[in-house]
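Take a look at the letters that make up each chain.
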Amino acid sequence: MPLVRFFQRIPDLLVTLILWCYFLFGYLFILPLLFIPAYIFAENGAAALQNLNHFHLKCFFALTRFLVPRTTFKISKDVRDIHSSVIVCNHLSYLDPILLISLFGRHRTIVKHTFFKVPIFGRLLKNSGYISSGARDMLGPAMINNLEDIKKHLAEGGILFVFPEGTRSRDGRLAPFNKGVFTIARYCNAPLKLVFINGTNRLFPPGHFLFNTHEFNEIKLELIGSLEPDYKGNNFSISSVADETRKIFEEKG
Amino acid sequence: MTRQEIEQEVKNVFHREFEIENPDMDADLRETYEFDSIDAIELLLAIENFLSTEISQEEKKQAINIRTINQICDYIEKIAKQRNLFSPA
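Protein chains in written order, with the working numbering: chain A, 1 to 253; chain B, 1001 to 1089.
Please note that the accuracy of each hint is not assured.
[Claimed, not checked] Label pairs and their computed distance ranges (CB to CB):
id	chain 1	residue 1	chain 2	residue 2	range
1	A	R170	B	R1067	36 to 44 Å
2	A	S226	B	N1070	35 to 43 Å
3	A	R65	B	N1065	45 to 53 Å
[Said to hold, decoys possible] The calculated DSS-like cross-link candidates involving lysine-lysine, where the alpha carbons are at most 30 Å apart (straight line), are:
id	chain 1	residue 1	chain 2	residue 2
4	B	K1061	A	K179
5	B	K1011	A	K232
6	A	K126	A	K58
7	A	K112	A	K74
8	A	K247	B	K1061
No wet-lab data here; the hints were simulated from the structure. Beta carbons are placed, not taken as given, at the ideal position from N, Cα and C, and that holds for glycine.
Go ahead and model the full structure; you've got the sequences and the hints to work with.
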């Protein structure tokens, strides 16, 4: 059935072009007009940029819902209501981080260090308060400054979302967890909210250029656990918290 | 708190958090045990727990470039002395 597949791909291609054009043109041409004044004049420049980014991506997903009616989104209220917490998620698709940004106005995350090298975009990431995963940015006193910034951000009601697997899962299985996120949560004395993401890999599969618009799909974000470890306890161990978190994700998966 | 207790607690932390038994007290942590900055933060937080005291931002920045376990013990000893928690053996 190569002919059928070919005709199925036409709407996929059109939707992909429209969505990525909106995404890129927004960042390159429309948003800088708002980003620059917001950053200069707002009392908290990073928060202003985060809110603009949030608004842009909210529109991106509104457009996605309109263009891909066969995909529905189910995001539970307890996920939307999360604040002052570190959100730990599984990672399936490039859509995961932008979906989370579209849900939370005050957000921070750890971004692959190569994105910081992209002209304009890298600058925007830095000024928005995102943290580079690069070892150079997490060394020495800069590390403490970054952590103190995150602590303040969480105390003000923001969230930090992190994918402890570090990369997208190609087969839906959980990759080994990086324990760094749990150390950050401990430093900030913040609760951990475990959010299970499902379905984003069917809409935008890893390794593919096109959105999959022809299959019926449900994208679901679910709060599967809340942990408030006793960080100050004598027997506290990062490894146990990481293991407990992983176990909850494995039971869900 | 004595120097001996400090050394024992640091060894406990290494065993509990990093699965390292009987670590070499003078080995370079980055080279020998592949320590990174996140591990250093983890260690700092464990030190805070052990001393039951808050370590200031400036004190944390001083600790972040420590290389060996003996230096970690010196650092804890210095903080403990400043807070009158240290008693010479």
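Hints, verified against the model:
1. R170/A to R1067/B: 36 to 44 Å: Holds, since R170/A and R1067/B (Cβ atoms, about 38 Å apart) stay within the stated range.
2. S226/A to N1070/B: 35 to 43 Å: Since the Cβ atoms of S226/A and N1070/B sit about 41 Å apart, the hinted range of 35 to 43 Å holds.
3. R65/A to N1065/B: 45 to 53 Å: About 50 Å separates the Cβ atoms of R65/A and N1065/B, which means 45 to 53 Å holds.
4. K1061/B to K179/A: holds (21 Å)
5. K1011/B to K232/A: holds (19 Å)
6. K126/A to K58/A: holds (21 Å)
7. K112/A to K74/A: holds (27 Å)
8. K247/A to K1061/B: At roughly 34 Å apart (the allowed maximum being 30 Å), K1061/B and K247/A break the hint.
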